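Construct all of the structure, not just a fragment, from the sequences and the given hints.
First to last, the sequence lines map onto chains R and P. Those letters in the first sequence? Residues 1059 to 1258, per the numbering used here, in order. Those letters in the second sequence? Residues 101 to 988, per the numbering used here, in order.
Possibly wrong hints are sitting among the right ones.
[To be verified] Think about it this way: if two alpha-carbon atoms lie no more than 27 Å apart in a straight line, the pair counts; the simulated DSS-like pairs of lysine-lysine are:
id, chain 1, residue 1, chain 2, residue 2
1, P, K193, P, K137
2, P, K412, P, K352
3, P, K168, R, K1114
4, R, K1114, P, K655
5, P, K885, P, K798
6, P, K124, R, K1096
7, P, K412, P, K526
8, P, K955, P, K897
9, R, K1121, P, K942
10, P, K553, R, K1117
11, P, K168, P, K843
12, R, K1121, P, K124
13, P, K564, P, K885
14, P, K494, P, K510
15, P, K549, P, K647
16, R, K1114, P, K843
17, P, K735, R, K1117
18, R, K1117, P, K193
19, P, K193, R, K1114
20, P, K490, P, K553
21, P, K510, R, K1125
22, P, K412, R, K1126
23, R, K1126, P, K510
24, P, K955, P, K898
25, P, K898, P, K735
26, R, K1096, P, K193
27, R, K1114, P, K490
28, P, K549, P, K564
29, P, K798, P, K655
30, P, K566, P, K510
31, P, K655, P, K762
[As the list claims (entries may be wrong)] Derived contacts from chain R toward chain P, CB cut-off under 8 Å, selection only:
id, residue
32, F1099
33, M1130
34, D1135
35, A1136
36, N1192
37, A1199
38, M1215
Since the hints were derived computationally from the structure, they do not count as laboratory data. All of these numbers come straight from a predicted model, not from anything done at the bench. Quick reminder that beta carbons are idealized off the backbone N, C-alpha and C, glycines included.
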Amino acid sequence: YFSSSSTLATCAGTEQKMDSNVFAPSVKGMFILDEDGKRIFAQYWTGECKITGTVKAQKEFEKRASKKTVSMANMADADAISFEGYVLVFKRLGDNTTLYVLGDPDENELMLVTVLTAMEESVSSLLRGSLDANSLLRGLAHVCLCADEIVMDGLVMETDWMLIAGRASMAQSIKEIPIHDQTLQQFADIAKTKLANVFR
Amino acid sequence: MEGVKTKGEDGEAVEPSPYDGIQKNAVLHEAKCFNDKQISARTCSEVLTKIMYLIIQGEEFSPSEISKVFFSVTKLFNSRDVHLRRMVYLSLKNLPADPEEAMMVVNCLAKDMTGKTDLYRANAIRVLAKILHPSMIGSFERFMKQAIIDKDPYVVSAALLAGNHMLKSGADSIKRWSSEVQEALNNPSPMVQLHALLLLFKLKQYDPLAISKLASNLARAPPKGPLAQVLLIRCIASVIRRQPQPDRELLKFLQDLLHDKSFTVMYEAARTICALPNINRTQVISAIGVLQEFLSSPVAAQRFAAVRTLSKVVLRFPIAVAPCSVDLEHLINDSNRNVATIAITTLLRTGVEQNVDRLMKSIAGFMTDTSDEFKIVLIDAIKSLCLKFKHRHKTLLAFLSASLREEGGKEYKRAIMNAILEIIEKIPETKETGLEQFCEFIEDCEFPKLSMKILDLLGTEGPKTKHPGRYIRFIFNRVILETASVRSAAVTALARFGAHVPELTPSIRVLLSRCAADDDDEVRDRAVLFLHLLQGKDLSLAQEFFKSDAPAEPKRLTASLEAFLQSKMEVPFDVKKHLVEVIEEKKKVADEKSDSKANGTKSRGGAVTATKPEARNEMYKELLNKYPYFSTLGKLFKSCAPVELTESETEYVVSCVKHIYKEHVVLQFNVTNNMEDQLLENVTVEIETEDPDWAEEKVIAAESIAFGTTGVCFVCISRPIDDSKRENFASGTITNVLKFLVKDVEDGVAQGVATEDEYTLEDLEVVESDFMQAVTTIRTMDFKKQWDSLSNVQAGKKFSLGLDDLQSAVDAVIDLLGMGACESMNEVAENARSHGVFMVGKFLSSGKVLPVLCKAGFMLDQRHGVTLKIAIRCPDANISKLLTNSVR
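Here it is as structure tokens:
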């Protein structure tokens, strides 16, 4: 019980434990805050994460995150910081809103940025580019659905914003369902943004 | 509400939030429309969105409200509207419904699951995963297997992730999906490949052999998507980590991915290679090259990622990171201050000595516009640098003192102060400069606590310097200018000079007599006391006064004095005779409660940041003092580092700290309750020892532990000392079962009758090193002297350790013995082939504390790995033997 071989075995044991936790590219949480750090949307996907305690604790955490990043967040480019033991990537969405993606301290920052971009672009395509606080609140259903399509149980489900936007708006199913104007409009919008992207 | 616009400050119209004035009860009332015969899809969608809004904002729903809403939401399956259906899926997943009730939905889902619409099928599978009872998973097996080999990637991904979700509760059924999951690996969709890979790895996670086979196969035919590749990289890393030497083919695969077209994959490969424990400097160079390119990337997140990874590699391979110096220096001006701070600390650790002076100049600019939090990190890095390059201390100490005089908060100032203190302690020639800097600092210090600490330091260290007289002026200035607490600290400091430097005594007496007229009682009392002590020619009494500690903690002393006053007082008070135990039985309950909370946060913090042993011991001492029982066991010899007895995310998280006393071992169990709906009461741990001589003597229960808090309970074991028998240190294994009464908690109120329950914990081992106290203050010279004085009681042995890295071998042996290395001999030079360590410890044996010395030599051999030769000397030859044998 007290041999060098057993120390190695326990090492391997803890490693294995660690493996199953940090193995998969995963996301701890995602939230959108307004300029005062007030929550517009938030979802946390993990049980052991301390901030998923109470909503009050989560909101305090978000307030602190907002305060820390307020001067850094910009619309051009996602940035990242270490924050209270986590990795936090963030990007300004609209005039008064910032999107955050929270990951384990060992998580790949660039993977988190991929998730952030997927969220931004899919929501943006469904809300036609207006991403200020009021538009996001009015389009809250779309915001929730996009997040739901991007992450399941903290694991990345999809990162292609076209697919995400399509699934969130059930656009693929129009073949079987009678088309009504709104869906068509949405579909046209998606095509438009896609074209715009191609020629950018 | 709509259409109402108010004028904002800048004159622009500001729309109110669309949810202004929203009320839960109103929304619940609106939700009645779900039951309408003619469902209005648009209205219902809006109401569901409002409910989502309330959930996001943390509105509390009672269980009956939830089940009402949940039930009416299922009615909406009658509508054919796709958008409404999507919202229904979302709501079902987010409403925290009762599992039994949730099962009703299975019927509603059945139609969507078997329908032709892929979107419906995928969504239905995802909802199913959330609500399905483990016992039901089996009955959906055929359906799920079919879904995994479906042609629509969304359906496949949903099924695979559903499998992942149910894995915890229904691993046995999910295992039967293996062949389908394997097949899904060939699906053209990159996301499906990721999800299949993920599930496959999880199914095989306890079979290292299967994982390593899978990894080598996949390295030959890797999946396509970047995220799947990230996952594969992590899997390969876990395989390599178990190998003595990285497998060439696997390592090459990782190195090839450094040139992948996806930045995410490139970065993952680079950071993974850098973190491999069994890698050498030449093997990380290409990975560091990639990170170096990222440093000058226009993408902010890439710069952050690179600098963060480099800051970790630099600890292991400082020389390999040195080529990045120029790029790192550019980052000092990065707009992301987090990046700038990490860049600087990394630079400081690349350890190119010639750069130190230049670097300190560029940092000075950085300091002006950075928050204290980052500055503190930096101060710590500068301190380490100073301890590393001892003869550069002039520049570095000058920098620290300059920072001390600049603007800054208390924590920042405290960090600088502690840094200088440590430098003074480790590099004796800096003492005078350091003390002078402190003198200047207290001239203009706004934090009384810091002033007091420095005055105390001046009092102890000042008299030992060459010119003690020069400090008097600074100290006496405090007496004139400061608040009462600082004044009294200054008086004590003055008196110390008076006691230890005879030529100053007369002038100190003059100064003290001026203090004797102070307004403050404490200052006056101290001055009078010290005047009295310094009265005669003989200063030995005064010196003795400063040397001795207080005879007991103040609380206990007060209690003792009070007890004495109540007695007849026939003999004068004598600390040795009249000290009484503080009896706090009544207060204990209250104490325990407040304590369990305080301790909860402490022990958690301790686990994360690995608190320094000294700080930890102080913490435990404080805690143990709260329980009068433990003071009957004598003096605490040692508190061991906490051992986790559960995994970190279980229902109850338990860790154990072993406290070693002369004849007892006290097990302190820290129990954290992670069950939101439970209140634990009367929590104890039932133990069973392998050795019958180890008798359980006392159990102290934790009264109650609410959700999210940590409570402490104790078991005290007596360890008989029988001189005739062989000393009995190792107990073998102790099995532990957590026992408690559990009450259901609803809305924060405990309800119903408590039921008994138990929870099995992992085994605990008590080993020889638990009885060893590390000593790190002995210098090599003294070690050699002591070593020679114990020449006849040596025990020695030679072994081959199954390790092939010197540093980890050294760490393992130090850890195994629990001893402390002399003068940082535990650090192995890079690329060394052999290494020697002197270790010192104090060992508790038969109630006596014996010094133990150990010499360990490590040799690295390509074929055999690390060989260890160890020699241990201790006044008791049996102990030397015992300890030598403990390394096995």
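Hint check:
no.	hint	in the structure
1	P:K193 x P:K137	holds (24 Å)
2	P:K412 x P:K352	holds (22 Å)
3	P:K168 x R:K1114	holds (25 Å)
4	R:K1114 x P:K655	violated (39 Å)
5	P:K885 x P:K798	violated (44 Å)
6	P:K124 x R:K1096	holds (19 Å)
7	P:K412 x P:K526	holds (25 Å)
8	P:K955 x P:K897	holds (11 Å)
9	R:K1121 x P:K942	violated (49 Å)
10	P:K553 x R:K1117	violated (38 Å)
11	P:K168 x P:K843	holds (26 Å)
12	R:K1121 x P:K124	holds (24 Å)
13	P:K564 x P:K885	holds (26 Å)
14	P:K494 x P:K510	holds (25 Å)
15	P:K549 x P:K647	holds (23 Å)
16	R:K1114 x P:K843	holds (24 Å)
17	P:K735 x R:K1117	violated (46 Å)
18	R:K1117 x P:K193	holds (22 Å)
19	P:K193 x R:K1114	holds (22 Å)
20	P:K490 x P:K553	holds (25 Å)
21	P:K510 x R:K1125	holds (21 Å)
22	P:K412 x R:K1126	holds (23 Å)
23	R:K1126 x P:K510	holds (20 Å)
24	P:K955 x P:K898	holds (12 Å)
25	P:K898 x P:K735	violated (36 Å)
26	R:K1096 x P:K193	holds (24 Å)
27	R:K1114 x P:K490	violated (49 Å)
28	P:K549 x P:K564	holds (24 Å)
29	P:K798 x P:K655	holds (25 Å)
30	P:K566 x P:K510	violated (31 Å)
31	P:K655 x P:K762	holds (25 Å)
32	F1099	holds (6 Å)
33	M1130	holds (6 Å)
34	D1135	holds (5 Å)
35	A1136	holds (5 Å)
36	N1192	holds (5 Å)
37	A1199	holds (4 Å)
38	M1215	holds (6 Å)
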